[in-house]
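**Student:** Below, each chain spelled out in residue letters.
There are 4 protein chains.
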Amino acid sequence: MSLLIKNGRITTAADQYVADILCEGETITAIGRDLAVSAGAEVIDATGKYVFPGFIDPHVHIYLPFMGTFSKDTYDSGSRAALVGGTTTLIEMCCPSRTQEPLATLDLWISQAEGISACDYTFHMGVARYDADVEQQLRKIVARGIASFKVFLAYKGAFGIDDNELYKTLRLAKELGVIVTAHCENAELVAEMQQKLIAEGKTGTEWHEKSRPVQVEAEGVHHLCTFAEMTGAHVYIVHTSNEQAIEAAVAARKQGVRVWIETVAPYLVLDASYAKYVMSPPLRPLPNQDVIWNALDSRVISTIATDHAPFDFKGQKEMGREDFTKIPNGIPSVEDRINLAYTYGVKRGRIDLHTLVDACSTQAAKLFGLFPKKGTIALGSDADLVIYDPEYRGKISQKAQQMNVDYSAFEGWPIEGRPDVVSVRGKVQVRGGKFVGQLGHGQLLVRKPTHF
Amino acid sequence: MSLLIKNGRITTAADQYVADILCEGETITAIGRDLAVSAGAEVIDATGKYVFPGFIDPHVHIYLPFMGTFSKDTYDSGSRAALVGGTTTLIEMCCPSRTQEPLATLDLWISQAEGISACDYTFHMGVARYDADVEQQLRKIVARGIASFKVFLAYKGAFGIDDNELYKTLRLAKELGVIVTAHCENAELVAEMQQKLIAEGKTGTEWHEKSRPVQVEAEGVHHLCTFAEMTGAHVYIVHTSNEQAIEAAVAARKQGVRVWIETVAPYLVLDASYAKYVMSPPLRPLPNQDVIWNALDSRVISTIATDHAPFDFKGQKEMGREDFTKIPNGIPSVEDRINLAYTYGVKRGRIDLHTLVDACSTQAAKLFGLFPKKGTIALGSDADLVIYDPEYRGKISQKAQQMNVDYSAFEGWPIEGRPDVVSVRGKVQVRGGKFVGQLGHGQLLVRKPTHF
Amino acid sequence: MSLLIKNGRITTAADQYVADILCEGETITAIGRDLAVSAGAEVIDATGKYVFPGFIDPHVHIYLPFMGTFSKDTYDSGSRAALVGGTTTLIEMCCPSRTQEPLATLDLWISQAEGISACDYTFHMGVARYDADVEQQLRKIVARGIASFKVFLAYKGAFGIDDNELYKTLRLAKELGVIVTAHCENAELVAEMQQKLIAEGKTGTEWHEKSRPVQVEAEGVHHLCTFAEMTGAHVYIVHTSNEQAIEAAVAARKQGVRVWIETVAPYLVLDASYAKYVMSPPLRPLPNQDVIWNALDSRVISTIATDHAPFDFKGQKEMGREDFTKIPNGIPSVEDRINLAYTYGVKRGRIDLHTLVDACSTQAAKLFGLFPKKGTIALGSDADLVIYDPEYRGKISQKAQQMNVDYSAFEGWPIEGRPDVVSVRGKVQVRGGKFVGQLGHGQLLVRKPTHF
Amino acid sequence: MSLLIKNGRITTAADQYVADILCEGETITAIGRDLAVSAGAEVIDATGKYVFPGFIDPHVHIYLPFMGTFSKDTYDSGSRAALVGGTTTLIEMCCPSRTQEPLATLDLWISQAEGISACDYTFHMGVARYDADVEQQLRKIVARGIASFKVFLAYKGAFGIDDNELYKTLRLAKELGVIVTAHCENAELVAEMQQKLIAEGKTGTEWHEKSRPVQVEAEGVHHLCTFAEMTGAHVYIVHTSNEQAIEAAVAARKQGVRVWIETVAPYLVLDASYAKYVMSPPLRPLPNQDVIWNALDSRVISTIATDHAPFDFKGQKEMGREDFTKIPNGIPSVEDRINLAYTYGVKRGRIDLHTLVDACSTQAAKLFGLFPKKGTIALGSDADLVIYDPEYRGKISQKAQQMNVDYSAFEGWPIEGRPDVVSVRGKVQVRGGKFVGQLGHGQLLVRKPTHF
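Residue numbers (the working numbering), protein chains in the order written: chain Y, 1 to 452; chain V, 1 to 452; chain U, 1 to 452; chain E, 1 to 452.
Relax, there's no trap hidden among the hints.
Which copy is meant is left open, so a pair is good if it fits within one copy or across any two.
The list that follows gives simulated cross-link-like pairs (lysine to aspartate or glutamate, EDC-like), each with its CA atoms no further than 16 Å apart:
1) K254 - D297
2) K210 - D323
3) K254 - D290
4) K174 - E135
5) K196 - E175
6) K347 - E391
Derived by calculation from the structure, the hints in this document are not laboratory data.
Just chain Y, with the same shape it has in the complex (with noise of 0.2 Å):
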């Protein structure tokens, strides 16, 4: 079983060139002009559209039991909206609690996951707590394929750990070649100003950013960054929001810390304006945008993913009417990132077709083990393909997605471009912008460690 991919300009973090590609098995095996049909394969024209490396999203929540009730997606809708929205391969926070144990919490994730998700996926391993026990079980994980840990700063007394636990954690994860994520806001602040906020009685969605200012962020970037450089553990900043906080990154790789920056879709595109939605850190007023684009283009930051949450405004958001603390947080967009950073980044000029690439796929996979296999288009690649109509233009609604909330953030916004046909190892999932795949085709990737 073949497929040809003809005449498509394809498009890398490097390149631009067009061309045919064609996919044997799983995997790619030839780019040429003019190549030969052969026999079986399907065909498709590709004329007038970009053809992509399938799109990684390295920050997404699918199965999410938080602040007391669970995520609405499962890896059925999560995926198909993940490939509708050109994301071939996802990883997913594995979020054990403090009492939970990491082998047990994995396996309890995978199998979320396991024969049901239409696209690739693995695990950033999450680490609430730190002991003998805990470290015996995490050089398990590593083995086993899971090449990421996953910290959280904030979010005391649930994810969050403390200062002797991150410094074991970083070392461990030096010691093993694994990158270390990581949640950068400082947990005290945040539960002491909620607290004082909720006591004076401003408890509605608006105090929310009060709560965890640029500078809560930008004080769990440097605590982390100087962690890092006493350890010489590689980290990943994810989900950062503002200018503070990116500085105290860049101020750190001056330094020599082995430091990588993420920013999420929700912070090109939203602004202070649209709190009700809640998610942490918080939304900024509308000037921050201007820098994130920027440190993206200049590649101060490295890449774009969701931090997809999915939870209902109704029911699930409402249980904090009376008290914003008390949100679930997270803004779904594992099915809009591209559209959103296409459309209001390369369409208005502020990245260009190559940093999206890079920013949406490319990076992620060399940062997470995934490289070559996934992230580019080159021969013995896997076959993840996005071929991409810049001439569709549509609107976002929530009626018409496949994530499973009953919102959407970006109701009614014009998209100028979509994902037409996206294939996962050869197998092509998504047509005419629609999922027509196979749920269960999506395989845990197995990562080793790079970051030594």
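Starting from the known structure of chain Y, arrange chains V, U and E on it as the hints suggest.
**Tutor:** Coordinates of chains V, U and E only, in the frame set by chain Y:
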């Protein structure tokens, strides 16, 4: 009983002029040319000499149970050393451990000084634990005239507090108008790096600096300043040793944080080659001295203190012969501070005389609620005066010093000036460079909060 | 003839206390409690009032041929305005054009003041050309007691000098121990952007700020500071208006450059909405005021001057009705500086009284070789005193002012205090807020170089 | 005529994979596994070797009248050296003096290369004067396919332009979509400090660095970036040598300035101890190398060029035996760049292979309008290929080099790899590390403006 000082070159933080000073009782009652000599007045000719306001050392340890031993000075030796060195007011760190009660600890500390000290004194009240009971005690302590707190971010498990306690201490300080002085080094990083070095057989004092590098101190400053920004509390960074730490405070100040910076005498003149004496933060490489002098000259650093902490080299520092982490920290200099700053600062053209007075007296008086009783030469101020002889030439020698320690880090160093006469509230306590005064003359200073 | 000021709250850069001040001849001869009233002495009761050292305005224009017209004040109106506003010493910019001779220009400028000025005065000597002959004249001028230079990086072709002249001026200044004050805006960028805006029909005063954005000022500061670093000369940035410019100077200071920063009264209280009055650097957006106040409070900015430059709104500023580049620059405030800084600074909690005195008097005295004759209240200092009434309430009004201009940028603004009595070298020149003194009492101050 | 490269490890800025490359005519026409060997094709086995895109050196001097002498290379020796070193495209600085006409100068420069060069070439058009006539010529030059300018802020009176010319050059560049490369050192400071040093008898090459310290370079960068910000022009800082200069550009980039940074091979591996070879900006102290490598690794520096400028040590550099300012500047390295970056960068773990390709080829291609013809290995790209042998071991030696100079700054240095085969548009010009090709095969590349 009155004291008339004739023809001195009166030198304050702002002014310099030649005049007579009349002290009646404890107070300066006249400053003028050719003041009449009243009957019974002691007259001192200060021609050719400077008259400075009594110097204030805002960071000393006299009584200090630490690392399983006790500091060697008492208020007998310590206050005599201070006075011979030109210091008329000591602000001692009152350091309860986590398990001790603040009020009882303060009483214990006061009992060490009361009736003994030859110079005036007050305390920064250490906060090593925070709960409702401690809070009540702290309120009483402030009401008793102790208008500053001290916290340790370092010394985990001993004096160090956690983030929650830090937040609450700062919040209380803000409410009460009390400034919080802080030892800024990340406790966890120090502890882990000490352990790592010792495990690697790196046990000598040359490794001490590696266990507390500049980043660890800068991290502490950044951390504290973020907490100060969030609470509005005013903070004071003790014993700042390097550029990265200074820059962290300066950046915060630019954001509106009310933060002041102290350095201590050893950083002005000692470098890493004196590592064997062991203090924390550690002595840094030589080029760092230029940074510190420059920051003093531009008044970025507000004060020069000592962190006087007298432990014998033999017997006490030797406890760490096999393990630098066991060495009681501190380099005594309460007796040497002014002579060092004058000889190696003013005479070398690094700072001017006004900066000397400002950094060694006036700023401390203003920041800690002692001004204008202390910190200047003005009508109505306490007659704490230092007649400083710029013609004196001598050498520092452990043998000749008042401080009760068996070494001087500055042994044999030339000094180009010394306090000739020193008065405390009108009473001459030092004459001809010798202590001639009365133990027990010193008073506990009652201070009002000013940091609202 | 003597003057006795009783019971004032004497307030200097460092001190505050209640006492009497006795002035005999031109000098302060006693400061004390209950000083005896000698025969013939004028006695002024200052109970409840502040007594400040006479304020110094280190940056004014009185006589100024500029942009084809002349400033409106003379030393008659100008010195009266200064005194009513509490300023007892003016340092005027003596501004030769490129074709004028320095000595002759200085004589011309002196002739405007001599025998007329009611307050003391001196000059910064403008350097608008540099050649061997100019150098000889500058040496003579310094020998005559003019111990500071002024250069313009802006105003190309008029006052502006090129890089070679700048280098040589700084080199000479270093040799002679003279400080160089500098107007820092890149001349070429201003000229080109003005031309571009006018060509685009953007002729209104709202475009003035676009022709001299903050970057252009910061560039000038960075440029000057590099030249200062290379020559060792001491430099002083006049009328600094924004954060980027301040940061450029602060960064240089950290490298050891001897640089001081001046701001001027309009930047403290006016913003871009007052653009029609036109000054350079331009008024910036409102948030900039916080930056300036904060930098004053932390003493990063040394001085508050005015850049007083009195041109009528009608007749003169109207010259630029069709073209903002033709408007004579400057917003007069020599009469308002202290009242504005007191009312909108001290009373609003942005700076304290000591900073007011330091920034408006003491620092200028020290930097420009006037200290301790000027800039403080001390024995032997000139009896330049301002008895300031903090209970006074009034409003600023063009009609009531001494300044000879037809508008006030602060028309109708409330002030919460004013100079009640002002003396110049012992002679009362202002009483009850009115000028009651003698024109011609002012003297040309002879200054010695201090910047070696 | 076709060329088939088998089994090489194809390595581009983004990708790495093993495949065959088929070149037909001048172009890459197929990339695949097991490509069929067509009749008449030359087949090269690249097993175990890297295949890189032809490297581009965006900053060389071949023909250069400078400081009264001429550089020694011609396009014969220079292009052979480039090719043996793996460089298939040279971008030479075309440097008119202030009095020469641009068009005639370009024609002169082209005439040096045309029919002689063995590799492809183009020029940055030097702008040493700006008037209406020059502007017309520049427009024609851009229309002829020269899509970049070069300006010198240094070399006053020779190549250097003044601020007005700089503004106008940038404004024209913005209009035409042309990037401006710039030598950033303040001309006046260099000239004055040279004069001062020579006058003090400091004539040896060890004083060269003192005449052009890092501040002077940083000043140039800051200056240029401000002009770029005001005009919107895109700029490229050539031969950036130190952290302060980098930081000035990075700060500008954060403000949205479109600025890119080049470093050159000597800064990667030489330090101040090699001062006798004299280049500008000068070689800096050793720790600076870490800064440069770190900035490359984090992609803050975009490109590695050479500033190849070949003057003999005897005869030419000796002109300055008595006066370092008379020494023709430049350290030739066009032949060594890739081997140095590979051996001392990649093999030492300082940068990875993708960064090597990106910095030495792809970025230059993209910035200077050569992409995707040059700078990558992709279908349709020019068949400029470097088969690099990582097993080769050798030493750099002047005797063996193609460059026509009498010394090598890297004499005797080991290299751990070298270009084995190099093709230019499908024609093999180097084989077994030797030039085996054809002079005159090189073409003048026509470039389109891309910097709008």
